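Whole structure, please, built from the sequences with the hints as guidance.
Number of protein chains: 2
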Amino acid sequence: MELATENHAFNTPEEAELEFYRAFETMDISAMMSVWHDQEYIECIHPMGARLKGFLPIRNSWWEIFQQAPLINFQILDQKIIQGTNLAVHIVNEKIIIRDQMEQPNQMIATNIFELTSKGWRMILHHASPNPQEEIEDEHFTIPQEHLH
Amino acid sequence: MELATENHAFNTPEEAELEFYRAFETMDISAMMSVWHDQEYIECIHPMGARLKGFLPIRNSWWEIFQQAPLINFQILDQKIIQGTNLAVHIVNEKIIIRDQMEQPNQMIATNIFELTSKGWRMILHHASPNPQEEIEDEHFTIPQEHLH
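These protein sequence lines map, in sequence, to chains H and E. My numbering puts the first residue of the first sequence at 1, with every later residue one more than the last. My numbering puts the first residue of the second sequence at 150, with every later residue one more than the last.
Hint data in this document are derived by calculation from the structure and do not stem from the laboratory. A quick note: this is a predicted structure, and the numbers were derived from the prediction, not measured. If a hint is listed, it holds; no wrong ones were tucked in.
Below, a list of computed lysine-lysine pairs in the DSBU-like style, where the Cα atoms sit at most 35 Å apart:
hint, chain 1, residue 1, chain 2, residue 2
1, E, K268, E, K202
2, E, K268, E, K244
3, H, K53, E, K202
4, H, K119, H, K95
5, H, K53, H, K95
6, E, K202, H, K119
7, E, K244, H, K53
8, H, K53, E, K268
9, E, K202, E, K244
10, H, K53, H, K119
11, E, K202, H, K95
12, H, K119, E, K268
13, H, K95, E, K244
Far from chain H by the CB rule (all over 10 Å, computed), these chain E residues:
hint, residue
14, H157
15, M176
16, D187
No residue lacks a Cβ here, since even glycine has one placed at the ideal position from N, Cα and C.
Here it is as structure tokens:
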């Protein structure tokens with residue numbers, strides 16, 4: 001199962017991003033790392049976090065998060081896609097719903113960047129920060145796309 | 150002078166990024182906006198801020214910052230460049246030194262994204278967040294570059 005996941009090639013940045021959030025929800029470290037490009041230059045900035053650089057430090061951070069985090073569901077809202085030839089930029093609102101709790105969902109902003117590699121589209125940057133806007137933008141589920149190529 | 154600035158075409162993302170921080174230091178709104186692509190899909194996320202979308206909201210935010218901010222100098226450290234065909238991703242540490250003050254500098258992380266437009270390279274995203282790392286990385290002024298094309 002792990003091998004199958006790691007061999008999977010994402011045909012689009014959208015597929016890779018879907019798998020990123022699915023892996024986060026299911027806390028599947030193998031699936032999560034199958035989304036990331038296996039290169040030293042990848043970076044991950046968790047909310048209020050420092051720059052984590054390279055595959056192993058990023059893997060370790062997700063491992064720790066998956067050990068500690070409650071079960072959550074994501075709603076990805078207001079997705080902006082800027083599609084280049086071999087890089088793709090996605091800016092999203094992450095509405096994070098903690099399962100079995102009545103708490104107000106957390107809201108984050110994330111910049112997710114994908115690169116077209118020899119193994120399909122892979123994540124090379126996740127930069128997240130708290131979203132100060134309290135309004136939930138459920139109504140606006142538009143997906144504007146800008147294709148540059 | 151304003152026209153001259155606005156007609157300037159940046160030949161590289163590095164030139165555009167230098168001008169971005171120079172415009173910030175000199176609080177020159179015209180120079181700042183000459184760096185940005187004049188499109189509705191551009192976004193700017195100031196530290197702890199919401200997503201600002203489009204040229205005018207972004208221009209207004211810089212105008213407000215320039216009205217209120219003290220005079221500052223930037224040191225751009227630990228610059229990571231991922232250079233695509235028509236998009237470029239820069240991840241940097243911003244060391245922000247408030248002039249004439251002995252305070253500890255602020256430290257931010259920024260993801261700056263540039264697009265190759267018909268008018269040269271322009272900024273399309275600035276996503277900044279606080280850098281929790283206190284160590285000042287003056288020693289590591291390396292500029293690793295990844296050229297994908």
